[in-house]
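Peer 1: In order, the protein sequences belong to chains A and B.
FYI, our numbering numbers position 38 of the first sequence as 256, with every residue one higher than the one before it.
FYI, our numbering numbers position 76 of the second sequence as 414, with every residue one higher than the one before it.
Just so you know, the hints here were simulated from the structure itself, not pulled from any lab data.
Do not rely on the hints blindly, as some may be mistaken.
[Claimed, not checked] Straight-line C-alpha distance at most 20 angstroms; calculated EDC-like pairs for lysine to aspartate or glutamate:
1) K376(B) x D324(A)
2) K444(B) x E418(B)
3) K440(B) x E418(B)
4) K440(B) x E407(B)
5) K440(B) x E264(A)
6) K444(B) x E354(B)
7) K440(B) x D419(B)
8) K376(B) x E264(A)
9) K376(B) x D419(B)
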Amino acid sequence: QVHLQESGPRLVKPSETLSLTCTVSGGSLSNYYWTWIRQPPGGGLEWIGYIYYTVSTNYNPSLKSRVTIAADTSKNQFSLKLTSVTAADTGVYYCARSSGSRRWFDPWGQGTLVTVSS
Amino acid sequence: IVMTQSPATLSVSPGERANLSCRASQSVSGNLAWYQQKPGQVPRLLIYDAFTRATGIPARFGGSASGTEFILTISSLQSEDFAVYYCQQYNNWPLTFGGGTKVEIK
Chain A
219 QVHLQESGPR
229 LVKPSETLSL
239 TCTVSGGSLS
249 NYYWTWIRQP
259 PGGGLEWIGY
269 IYYTVSTNYN
279 PSLKSRVTIA
289 ADTSKNQFSL
299 KLTSVTAADT
309 GVYYCARSSG
319 SRRWFDPWGQ
329 GTLVTVSS
Chain B
339 IVMTQSPATL
349 SVSPGERANL
359 SCRASQSVSG
369 NLAWYQQKPG
379 QVPRLLIYDA
389 FTRATGIPAR
399 FGGSASGTEF
409 ILTISSLQSE
419 DFAVYYCQQY
429 NNWPLTFGGG
439 TKVEIK
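Make a model of the complete structure from these sequences and hints.
Peer 2: And the structure:
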């Protein structure tokens, strides 16, 4: 059974870069789409983007200029970098898996709350 | 594609039936999923391809569709079903979610 776990700093200063890692256990990165999703406090869900194995990425246009998703197959991890953060980027960040045309998300990581504050 | 869920809050008594609506701003074919999220928990996949229950999801959860409107029906609400429900379309990029419907105890 595949398990995902997010890790990274919980507090980021405004204008700096948010960096998170998702560690995948119980399966490899190949043949799946590895995704980041976020949720502001009390708010809804926003798809950030995905990486397919190490081959291709696709980002939400609303965040595209600030987002990079990368994968490290040797560690079975994928990562998120979001630059120039503001308070509006505060929220719970989830990693999740989808596959091919089956672009729903299952499973999800537990999520990590990242706060942007000085 | 904008996904609009209604109502924002639905007050239902245990044992009653609940119908949650999700309307897409344009056709998404049947490429729609539903998730349940309880406070402090991770979203849980309920339904995909508009109608198909995910593994382990009870039969009281059902999905239906008519054009660009999708309905999640909970046939007889149990105490563990009080939560926020989100729809998600995966027909077009970017993938988008609805704003959620909170199902609360009446």
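Peer 1: Next step is simple, just say for each hint if it's right about the structure.
Peer 2: Now the hints, each set against the structure:
1. Of the pairs offered as hints, the one joining K376(B) and D324(A) holds, with about 16 angstroms between alpha carbons and a cut-off of 20 angstroms not exceeded.
2. A threshold of 20 angstroms between alpha carbons decides the hint, and for K444(B) with E418(B) the separation of about 14 angstroms falls inside it, so the pair holds.
3. Of the pairs offered as hints, the one joining K440(B) and E418(B) holds, with about 13 angstroms between alpha carbons and a cut-off of 20 angstroms not exceeded.
4. For the proposed pair K440(B) and E407(B), the alpha carbon gap of about 18 angstroms is at most 20 angstroms, so the pair holds.
5. Distance check on the hinted pair: K440(B) and E264(A) sit about 17 angstroms apart at the alpha-carbon level, within 20 angstroms; holds.
6. Pair hint K444(B) plus E354(B) holds up; C-alpha atoms about 10 angstroms apart against a cutoff of 20 angstroms.
7. Between K440(B) and D419(B) the CA atoms are separated by roughly 10 angstroms; this keeps the pair inside 20 angstroms, and the hint holds.
8. Proposed proximity of K376(B) and E264(A) is supported: the alpha carbons are some 17 angstroms apart, at most 20 angstroms.
9. Between K376(B) and D419(B), the direct Cα distance comes to roughly 9 angstroms. Compliance with the 20 angstroms bound is thereby established for this hinted pair.
In the structure shown, no violation is registered for any of the earlier numbered hints.
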